[in-house]
Amino acid sequence: EVQLVESGGGVVQPGESLTLSCAASGFTFTTYWMGWVRQAPEKGLEWVANINHDGSEQYYVDSVRGRFTISRDNTRSSLYLQMNSLRAEDTALYYCARRDASGADAGYWGQGTLVTVSS
Amino acid sequence: DVVLTQSPLSLPVTVGQPASISCRSSQSLVFSDGNTYLNWFQQRPGQSPRRLIYKVSNRDSGVPDRFSGSGSATDFTLKISRVEAEDVGVYYCMQGTHWPKTFGQGTKVEIK
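Going down the list, the sequences are from chains A and B. Read the first sequence against this note's numbering and you will find it ends at 145, with the numbers running on by one and no gaps. Read the second sequence against this note's numbering and you will find it ends at 117, with the numbers running on by one and no gaps.
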């Protein structure tokens, strides 16, 4: 059974940093592209970042480029999101999601981890 | 960025009746490999999103066959043939053809 379990969320002040983790199990992690999607409170979904199988390619939405870094450790079947210079508008539930082998995105989601940026 | 416009944004339906959600894209979603990466998701209250349909019309495993997707290029539709009480939630279309990947605003389905 595919499982994605996010962790690392919390309450931080503007300008601070946080690293999110996503532990994957139930599939061959190294085979799949992975991504982070966020959802601000009572709002819609926003795709934040993507990473390819071996971590050599990363893609970011403009609002986080230069502040967030997506990475992966295939030996640990884990995905990460390093978030620096956090802003109030980064407050959201952050989900990790897995792409299918067919190329279709987000066939599997985690339960999310909540990041709150507030002074 | 590709803008996906869903309509309606709110959809009150009677159990047993059909429902339809439209998703229009500001650009063609046909990728260079010939695939159209348009997905549909359901998000029930308090839950993570769940994919229902991928690449326009392919139903995910375990998704009831009352859900169907159709469309091409810039115009897509999610249909529920007979709405059940468990279908309450917010439905999103999402395109994975162009970066950044984008979602529609969401359509809230509720029971009358």
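If you are wondering where the hints come from, they were derived from the structure by calculation, not from laboratory data. Every value quoted in this text rests on a predicted model; they were computed, and no experiment measured them. Using N, Cα and C, we set each Cβ at its ideal position, and we do this for glycine too. Careful: at least some of the hints might be erroneous.
[To be verified] If you only want the chain B side, here are some residues facing chain A, beta carbon under 10 Å, derived:
| hint | residue |
| --- | --- |
| 1 | Pro23 |
| 2 | Asn40 |
| 3 | Phe46 |
| 4 | Pro54 |
| 5 | Asp70 |
| 6 | Phe72 |
| 7 | Ser75 |
| 8 | Ser77 |
| 9 | Tyr97 |
| 10 | Gly109 |
[Unchecked claim] Covered by chain A, per the in silico footprint, the following chain B stretches (three or more residues, Cβ under 8 Å):
| hint | region |
| --- | --- |
| 11 | 9-19 |
| 12 | 86-93 |
Looking back at the hints listed earlier, which ones does the structure fail to meet? As far as the earlier hints go, 1, 5, 6, 7, 8, 11 and 12 are violated by this structure, in ascending order.
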